[in-house]
Every structure is written in C-alpha cells, then in structure tokens.
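Residue 156 in our numbering is what sits at position 156 of the sequence shown, and the numbering runs on without skipping anything.
Bear in mind the hints are in silico, worked out from the structure with no lab data behind them.
One or more hints might be untrue.
Stated by the list, open to error - Estimated spans, in silico, between C-beta atoms of each pair:
1. 6 - 48: 13 to 21 Å
2. 76 - 141: 35 to 43 Å
3. 169 - 145: 14 to 22 Å
4. 141 - 115: 13 to 21 Å
Stated by the list, open to error - Below, a list of computed lysine to aspartate or glutamate pairs in the EDC-like style, where the Cα atoms sit at most 16 Å apart:
5. 167 - 151
6. 169 - 15
7. 55 - 72
8. 167 - 13
9. 128 - 154
10. 4 - 144
11. 169 - 16
12. 167 - 36
13. 103 - 72
14. 103 - 154
15. 111 - 144
16. 167 - 72
17. 103 - 151
We put the beta carbon where it would ideally sit given N, CA and C, even for glycine.
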Amino acid sequence: MNHKQYIHAWILEQEDLGIVFDMTCGNGHDTLFLAEHAESVVAVDIQMSAIEASKKRTEAFTNVHFFHASHDTIQFDKTPPISGAIYNLGYLPGSDKETITNKNSTVQSLKNIIPHLTHFLVVSCYRKHPGGNEEYSAVRSYLESLNLNIEVFEYEVALSPVTFLIKFK
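Produce the complete structure using the sequences and hints provided.
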C-alpha cells in the first residue's frame with residue numbers, strides 16, 4: 001500500500017465525513033477522493049492553477065467549494081463543525097517550485113483549524129525541497145505540543161514524506 005492509499009484508507013475509517021477541508025488542494029487528487037466520500041468539501045489553495053486543476057478533476061461533483069487563498073488566512077469561526085482536514089505540504093507538483101508552503105503559515109493554519117475539527121486531521125510533510133525539512137520540524141513540534149494521539153506514517157528513507165494522522169474522537 002503506498003502513502004496516498006494508506007492515508008485514504010485511514011480517512012475512510014473515520015465515523016463521519018461531513019464537512020472536510022482540503023487545505024492545500026494542489027492537483028485535486030485528495031479533493032476528488034474527499035468529494036467521493038464526504039458530504040461537503042472545501043478546497044483551498046494559494047495558487048489559481050491548483051484551484052483550476054482541482055475544479056477540472058472534480059467537475060462531476062456538486063459538493064466541492066473552492067477558496068483561492070493561503071491556508072493560514074481561512075477563518076473558521078462562522079463555519080459549521082468540520083469533520084476533518086487534510087494538508088499536503090510543499091509545492092504544487094508540475095508547477096513552479098518557488099511557491100511553497102512554509103512553517104509559519106502552516107503552523108498558523110493548524111492553530112486556526114484544530115479547534116474546529118471534530119474527527120480527524122492529516123498532515124503530510126514533504127521534506128526534500130528547500131524549506132521542507134524546516135516546515136516538517138515546525139509542524140511536528142507544534143502537533144506534539146498539543147498532546148494529541150498522533151499516528152506517524154513514514155518510510156525509513158532519508159527525507160521521505162512524513163504524515164501525521166490524528167483522531168479527535
């Protein structure tokens with residue numbers, strides 16, 4: 001089972017896939033998966049090309065809503081309870097590798113969303129690009145400071161992706 005298959009299987013184990021957020025929708029692979037299984041999906045990305053790719057991939061679904069914004073600027077105070085969220089950090093595959101997520105905006109985004117999550121959080125950190133390992137360290141440190149029950153999925157290969165899987169129920 002590869003990385004993405006493992007994460008998707010883990011998400012399907014959750015009790016409720018009501019409203020879910022794809023906080024870095026990228027090329028829309030997770031957005032499509034979530035659209036197939038959740039009541040409603042909110043897909044967020046700072047790059048318009050990511051929003052467009054995700055819209056194209058999910059055009060058959062009416063339960064997906066898009067926000068062209070940085071994930072740390074999304075306000076959750078007026079949203080209904082959020083079942084879960086997924087983050088794939090780094091850069092948009094096949095695009096400009098200069099536009100990346102970073103430790104400050106990602107940790108702020110996590111601080112904003114975690115109080116509103118009812119069931120799960122998935123954060124995948126890709127460490128090979130410039131800034132990726134620093135972002136991973138900041139995410140890990142922040143999540144560990146919350147004393148949550150965290151499952152870590154990683155390979156024993158230097159700088160391979162590391163995913164944090166957190167259940168809130």
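Status of each hint after checking the structure:
{"no.": "1", "hint": "6 - 48: 13 to 21 Å", "in the structure": "violated, 30 Å"}
{"no.": "2", "hint": "76 - 141: 35 to 43 Å", "in the structure": "violated, 22 Å"}
{"no.": "3", "hint": "169 - 145: 14 to 22 Å", "in the structure": "holds, 21 Å"}
{"no.": "4", "hint": "141 - 115: 13 to 21 Å", "in the structure": "holds, 19 Å"}
{"no.": "5", "hint": "167 - 151", "in the structure": "holds, 9 Å"}
{"no.": "6", "hint": "169 - 15", "in the structure": "holds, 9 Å"}
{"no.": "7", "hint": "55 - 72", "in the structure": "violated, 21 Å"}
{"no.": "8", "hint": "167 - 13", "in the structure": "holds, 10 Å"}
{"no.": "9", "hint": "128 - 154", "in the structure": "holds, 14 Å"}
{"no.": "10", "hint": "4 - 144", "in the structure": "violated, 23 Å"}
{"no.": "11", "hint": "169 - 16", "in the structure": "holds, 10 Å"}
{"no.": "12", "hint": "167 - 36", "in the structure": "violated, 21 Å"}
{"no.": "13", "hint": "103 - 72", "in the structure": "holds, 11 Å"}
{"no.": "14", "hint": "103 - 154", "in the structure": "violated, 19 Å"}
{"no.": "15", "hint": "111 - 144", "in the structure": "holds, 13 Å"}
{"no.": "16", "hint": "167 - 72", "in the structure": "violated, 21 Å"}
{"no.": "17", "hint": "103 - 151", "in the structure": "violated, 20 Å"}
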